[in-house]
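Starting from the given sequences, assemble the full structure and let the hints guide the process.
First residue of the sequence shown? That's 1 in my numbering, and the numbers climb one at a time after it.
Read the hints as simulated data drawn from the structure, not as lab findings. There may be inaccurate statements among the hints.
As the list claims (entries may be wrong) - Restricting the straight-line Cα-Cα distance to at most 30 Å, the calculated cross-link-like pairs of lysine-lysine (DSSO-like) are:
hint	residue 1	residue 2
1	K195	K228
2	K173	K56
3	K105	K77
4	K224	K387
5	K73	K123
6	K356	K387
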Amino acid sequence: MPAQEITEAKTQDLIALDVKDAPTEIDQSLLESPEPELEWQTVKVKSGDSLAKIFKRLGYSARTTHDMGKASKQLKKLNVGDTLRIAKNADGKLVALEYPLSRIKTLHVDFIDGEYKEHFTEKTVETRETFAHGMINSSFWNAGIAAGLDDSQIISLANIFGWDIDFALDIRKGDSFHVVYENRYIDGEYIGPGKILAAEFVNQNEEFKAIRFSDDEYYTPDGKSMRKAFLRAPVNFRYISSNFKPRRFHPIQKRWKAHNGTDYRADTGTPVVAAGNGKVTHSTYNKYNGNYVFIQHGDGIVTKYLHFSKRAVKKGQRVKQGQVIGYVGSTGMSQAPHLHYEFLVNGVHRNPRTVKLPDAQPIAKKYKQEFLTLANQRVKELNGSKKALLAMQTNNNDG
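Structure follows, in structure tokens:
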């Protein structure tokens, strides 16, 4: 039979094939190769550990350590107590690593297409709003703890109002605060507090309110930024040895003299920050001031910081508000570790606690209406939660 006729015959046979004889479903397992089984190990980071030391203990080569470290800079510094999950394949090659960076975020490094590649996964965090209220009897810190706030929240609250209130000098018994904030949960389990959404602080009968906006900044309910050009206090305090007074008896010189500033007593090494943006005009030492720094801020304003144990900036350097410029000490004519802080306007000493600071910048006009709507809601939440708290206290007293 000619070749053409054979081809035509086969074609006819295929056309005549009964459809019911054709397979209706393809077994995917025949097409897919099974996932290779991996052997996982969990390693706890010990004191003095590095990725190289851990991999050497596990028997991996220096090349593997190099390639893995090159793929992820996060692995260059491991914290004691952290956990690494490491997987190798049947050939003993390291093919995967998992490193939880927090309860939310995990680093993954996988061997893909002949090289290690990193990626991150994050768990979904649920937030629930709650509130706290405190009345100050002994200290702001103790009142915060009693109200159920943690250390970071207490510090955040002080930072929010730190441009209006000097938490070293201005806090009084009977002052109060109220906070609306988030609690965070993963799979229904509490993992810690979230952001402060709104807060109120009553200081010496003066009321301050702050509302958090989408830019993570805080504003007054009418849209003025809580940030100002200068902080009221440039140091985290322990207690104050002497406040702003025109004259005091100098404990070393044994005479009455002008005391144009504020002394913040704190432990040696406590960081001191720049009260505002500016340029360092002096960073040196003399027998009176000890280690000291002067900063020129413009508009005739100069701030002075005396008796540092160590200076952290140089003459001519530009600094930003909140930047560490030195550390509390007792150098020069000083009896105990403290910061002596001065605030001058056009050469005249002013009390940094009460001097009028430049007006805060308002929120951008294009966001003003959006913010005012949010602020109105937050103020209602503050007021509503205070009423709820009062009702709870009344019920408890009745009980």
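* To do: State the violated hints by number, sorted upward, taking the hints as numbered earlier in the document.
  => Failing hints, ascending: 2, 6.
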